[in-house]
Amino acid sequence: MEKWYLMTAVVLLGLTVRWTVSLNSYSGAGKPPMFGDYEAQRHWQEITFNLPIKQWYFNSSDNNLQYWGLDYPPLTAYHSLLCAYVAQFINPDWIALHSSRGYESQAHKLFMRATVLIADLLIYIPAVVLHCCCLKEISTKKKIANALCILLYPGLILIDYGHFHLGLALWGVLGVSCDWDLLGSLAFCLAVNYKQMELYHSLPFFCFLLGKCFKKGLKGKGFVLFVKLAGTVVASFTLCWLPFFTERAQALQVLRRLFPVDRGLFEDKVANIWCSVSVFLKIKDILPHHVQIIVSFCLTLLSLLPACVKLTLQPSPKGFRFTLVSCALSFFLFSFQVHEKSILLVSLPVCLVLSEIPFMSTWFLLVSTFSMLPLLLKDDLLMPSVVTTMAFFIACATSFSIFEKTSEEELRLKSFSVSVRKHLPRFTFLPRIIQHLFIISVITMVLLTLMTVTLDPPQKLPDLFSVLISTELTSANPPLLLRKTGPELTSVPIFLYFICGTPTTAWCAKRCHVRTQDSNWQTPGRQSRTYT
Amino acid sequence: MAALSVMTGGGSWFLALALGVTLLKCLLIPTYHSTDFEVHRNWLAITHSLPISQWYYEATSEWTLDYPPFFAWFEYALSHVAKYFDQEMLNVHNLNYSSSRTLLFQRFSVIFTDALFVYAVHECCKCVDGKKACKELTEKPKFILSVLLLWNFGLLIVDHIHFQYNGFLFGLMLLSIARLFQKRHMEGAFLFAVLLHFKHIYLYVAPAYGIYLLRSYCFTANKPDGSIRWNSFSFVRLISLGLTVFLVSALSLGPFLALPSIFCLWFKPQGPRGFLRCLILCALSSFMFGWHVHEKAILLAILPMSLLSVGKAGDASIFLILSTTGHYSLFPLLFTAPELPIKILLMLLFTIYSISSLKTLFRKEKPLFNWMETFYLLGLGPLEVFCEFVFPFTSWKLKYPFIPLLLTSVYCAVGITYAWFKLYVSVFTDPPVGKTKKQ
Chain G
0 MEKWYLMTAV VLLGLTVRWT VSLNSYSGAG KPPMFGDYEA QRHWQEITFN LPIKQWYFNS
60 SDNNLQYWGL DYPPLTAYHS LLCAYVAQFI NPDWIALHSS RGYESQAHKL FMRATVLIAD
120 LLIYIPAVVL HCCCLKEIST KKKIANALCI LLYPGLILID YGHFHLGLAL WGVLGVSCDW
180 DLLGSLAFCL AVNYKQMELY HSLPFFCFLL GKCFKKGLKG KGFVLFVKLA GTVVASFTLC
240 WLPFFTERAQ ALQVLRRLFP VDRGLFEDKV ANIWCSVSVF LKIKDILPHH VQIIVSFCLT
300 LLSLLPACVK LTLQPSPKGF RFTLVSCALS FFLFSFQVHE KSILLVSLPV CLVLSEIPFM
360 STWFLLVSTF SMLPLLLKDD LLMPSVVTTM AFFIACATSF SIFEKTSEEE LRLKSFSVSV
420 RKHLPRFTFL PRIIQHLFII SVITMVLLTL MTVTLDPPQK LPDLFSVLIS TELTSANPPL
480 LLRKTGPELT SVPIFLYFIC GTPTTAWCAK RCHVRTQDSN WQTPGRQSRT YT
Chain D
0 MAALSVMTGG GSWFLALALG VTLLKCLLIP TYHSTDFEVH RNWLAITHSL PISQWYYEAT
60 SEWTLDYPPF FAWFEYALSH VAKYFDQEML NVHNLNYSSS RTLLFQRFSV IFTDALFVYA
120 VHECCKCVDG KKACKELTEK PKFILSVLLL WNFGLLIVDH IHFQYNGFLF GLMLLSIARL
180 FQKRHMEGAF LFAVLLHFKH IYLYVAPAYG IYLLRSYCFT ANKPDGSIRW NSFSFVRLIS
240 LGLTVFLVSA LSLGPFLALP SIFCLWFKPQ GPRGFLRCLI LCALSSFMFG WHVHEKAILL
300 AILPMSLLSV GKAGDASIFL ILSTTGHYSL FPLLFTAPEL PIKILLMLLF TIYSISSLKT
360 LFRKEKPLFN WMETFYLLGL GPLEVFCEFV FPFTSWKLKY PFIPLLLTSV YCAVGITYAW
420 FKLYVSVFTD PPVGKTKKQ
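Quick note, the sequences are listed as chains G and D, same order. For what it's worth, numbering that gives the first Met the number 0 labels the leading residue of the first sequence as 0, then goes sequentially. For what it's worth, numbering that gives the first Met the number 0 labels the leading residue of the second sequence as 0, then goes sequentially.
Calculated from the structure, these hints are not laboratory results. What you are looking at is a predicted structure, and each value in this text was computed from that prediction instead of being measured. Possibly wrong hints are sitting among the right ones.
Said to hold, decoys possible - Pulled from the structure, derived: some chain G residues nowhere near chain D, Cβ distances all over 10 Å:
#, residue
1, 23
2, 64
3, 280
4, 285
Claimed, not checked - Distance condition first, Cα-Cα at most 25 Å in a straight line; then the derived DSS-like pairs of lysine-lysine:
#, chain 1, residue 1, chain 2, residue 2
5, G, 2, D, 139
6, D, 24, D, 141
7, G, 141, D, 134
To be verified - Under 8 Å between C-beta atoms, here's a sample of chain D residues computed to sit facing chain G:
#, residue
8, 29
9, 347
10, 348
Idealized CB from N, CA, C, for every residue including glycine.
Based on the provided sequences and hints, a complete structural model is requested.
See below:
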């Protein structure tokens, strides 16, 4: 491509920012006995290197599952093993069984950071560059600007472990969008086998590929494609799980580690529907465990079904990307045992649609970074967070001129506004509302950050700031709702939720339905069905 | 919203570049810093805690105050802000004190004072010839110059990693150059005199200022063929200049080999561009032949050269050789492992961008490098690989630990000497500017 040197400069800048951020502290630094995610990664290298495969997922005297036991699929374990071989070559003390627990040194930190940087360089960054180069109908300069913004997205830089699975998933998206279906599905299967949370993205992949098969005709080429795809999926899963298929107990144990249904509906600090609803309605106490699972499953399925059905009937790369966003969002809001960091699984597809709805995407990405603030503050990452967020904002604002693109047309809400105007003829102020909401949300984020850092919360409301952070006013984000704080609640968060919730769901619903001129989907009756 | 959209609209690329590099500087805060950090902390302590009469006598620490008085006043001013960060750093006896707040204050003071540098770059961009009609922003000389100056690799790693205050000093120098280009000679002279009293290393380029101002400002007009018209001499101008620059340049320590270029400046004036060329030559000559020269002094030649590089293809070629080898010669300053990826990535970023953008700017003229120069520059890659990745694992490391430094210095010396020579030739072979100047 012309101006390759600018793209190279962007990649080099992305790498530099990643490395300089990684010079800061890591999660759990100097905090025995459990430390943090960094120690977990080191521990997995220790386990996979020193123990035979059959013992990796089982509790034993050598492998205490309570101390950062492996709870990701086999590909993570193989990756850790590979890193362990390199570690063994440099300094065996880093992964010596038992005695290396809590090992911390400057050299080891450099090693861990280097493995992450190399993984990013080999998998994630080329995928981003290729994605931007393959974007249609935009100039070279815009493609490069797009790459810059995606590479500067703070969430993926600040969370300190590698995002191998996101890189693989991105290759999957690229492959499938460019009609390299087998390679794309292989890449995605590998991604799922790396981190099971990638299942959030699995339904859009399935529906898109199924739609393609239908389009090609079920009796001819479509059927052949379907068989090939099925074969690829089965083969890749078999290959990854081969060592665990020898005994039934092995496979079951791995599954039990991957899907800890015993842990309950949610951990106490994630910002999704269950956490918020449980403030008024203690779901955990009312419903028995298995019913919770069924309810969560049903709601997740209901919320993503319309988008997936549409994608199957009308497969297109653009629809695929938008469906990825809405499905990931549904899973984040309604699914079982969601972690705060899972917002990254939503952020990646939003990065992919950055060039199409820049204003909303930028807003969402800013808020998603902000939502992880308590986690980042715990790891002493205030300065890098603020700096990278500002850099991201400046990059997006300059590249896409986002403040000029807030008309109804550009926000893709034209059909929605038109149909609302049939009932309320004066509903012309949607763009202005959204602009004002954006400004308010940015101001709130800045204020909350300042307050969290400088002030101590009042004695009676110890979680006040966490609550406020998760109730931040935005209509592009899923309502980042109340955290479980018990009786010290204020009524402000509830009010904010209802302000946010309705336009948000409307936005999500419109993402699924009314992008095309399909008249079947524009009758008011059908639309009201999609509101929750 | 409208205000925001104006701000992020078409003319704000300069602001975005400046903010972007500032944010990058913030990310460099936790990196390695050299003993210069302690030097400046000590000077903060000396100027804050002791009376003026003691400033140049105080010797508790080995890093005594050895910059001119303006710099001492600058440290004094900073110390009044420092006391809100950490009072302990202002204690003269707290040798090597580096609490996290001290680090934060010092780093932020460098980043903050760089604002003057940003302003100076903005002024320099106005002096760049924008006649080449380019609709594409990234191909405009102004844009390229802004990137080359704001994102200069050498300045980034010397100021924001190694730790020094070169940013605002170079800002003063570039601003004085810009003023001379804009024919505001008195301001230019004044700014340069101020600069000299901040850091005396700039004496190297004082002859260039002295002769240029005498020849092109005090003599108010030339004859048609460009030679001097003696009766156009203006005493008023001379005296006013004398009050500022002349006395100081008389003290200059003689980069004697710069004299021919100074003569050229007198007998064949070429306007501000000629002055700039002479300034760069003075800086380079003193770098090459001066006494107790520090590696960082190469920046004194590289930064002003950026201004010339976006003007002519020949200058661009010299600039690229000079900057690439000059920046590479700064590598030994950062010898710690965590900073290794930073210096390589930033060096690649600057080098690839500068070479490609200048090549694109001058694509209609002959290629910038001949095969010899290309090979030489490409040779820097293997040299780096050998020095940093291969040599430490060989048996020579214990016996001859100085080899990487030796190789780096010798290899870069070749490039810098070559650039110096080419620049000298260009000073003598370019046609003079023969226009008559009016008051």
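Verification of the supplied hints:
1. Residue 23 of chain G, annotated as away from the interface, has a beta carbon of chain D within 10 Å; the closest lies near 6 Å.
2. For residue 64 of chain G, the non-interface assignment is confirmed: its Cβ lies about 34 Å from the closest Cβ of chain D, beyond the 10 Å cut-off.
3. The beta carbon of residue 280 of chain G sits about 39 Å from the closest Cβ of chain D, which is more than 10 Å, so the claim that it is off the interface holds.
4. Every C-beta of chain D lies more than 10 Å from that of residue 285 of chain G, the closest at about 45 Å, which supports listing it as non-interface.
5. With a C-alpha separation of about 14 Å, the suggested pairing of residue 2 of chain G with residue 139 of chain D holds against the 25 Å cut-off.
6. For the given pair, residue 24 of chain D sits about 22 Å from residue 141 of chain D by alpha-carbon distance, which is consistent with the 25 Å threshold.
7. Pair hint residue 141 of chain G plus residue 134 of chain D holds up; C-alpha atoms about 15 Å apart against a cutoff of 25 Å.
8. The interface hint given for residue 29 of chain D is met, as the beta carbon of that residue sits about 5 Å from the closest beta carbon of chain G, less than 8 Å.
9. Here the hint on residue 347 of chain D is kept, as its CB sits about 6 Å from the closest CB of chain G, short of 8 Å.
10. Among the interface hints, the one on residue 348 of chain D holds; its C-beta lies about 4 Å from the nearest C-beta in chain G, closer than the 8 Å criterion.
The structure does not agree with numbered hint 1 stated previously, though it agrees with all others.
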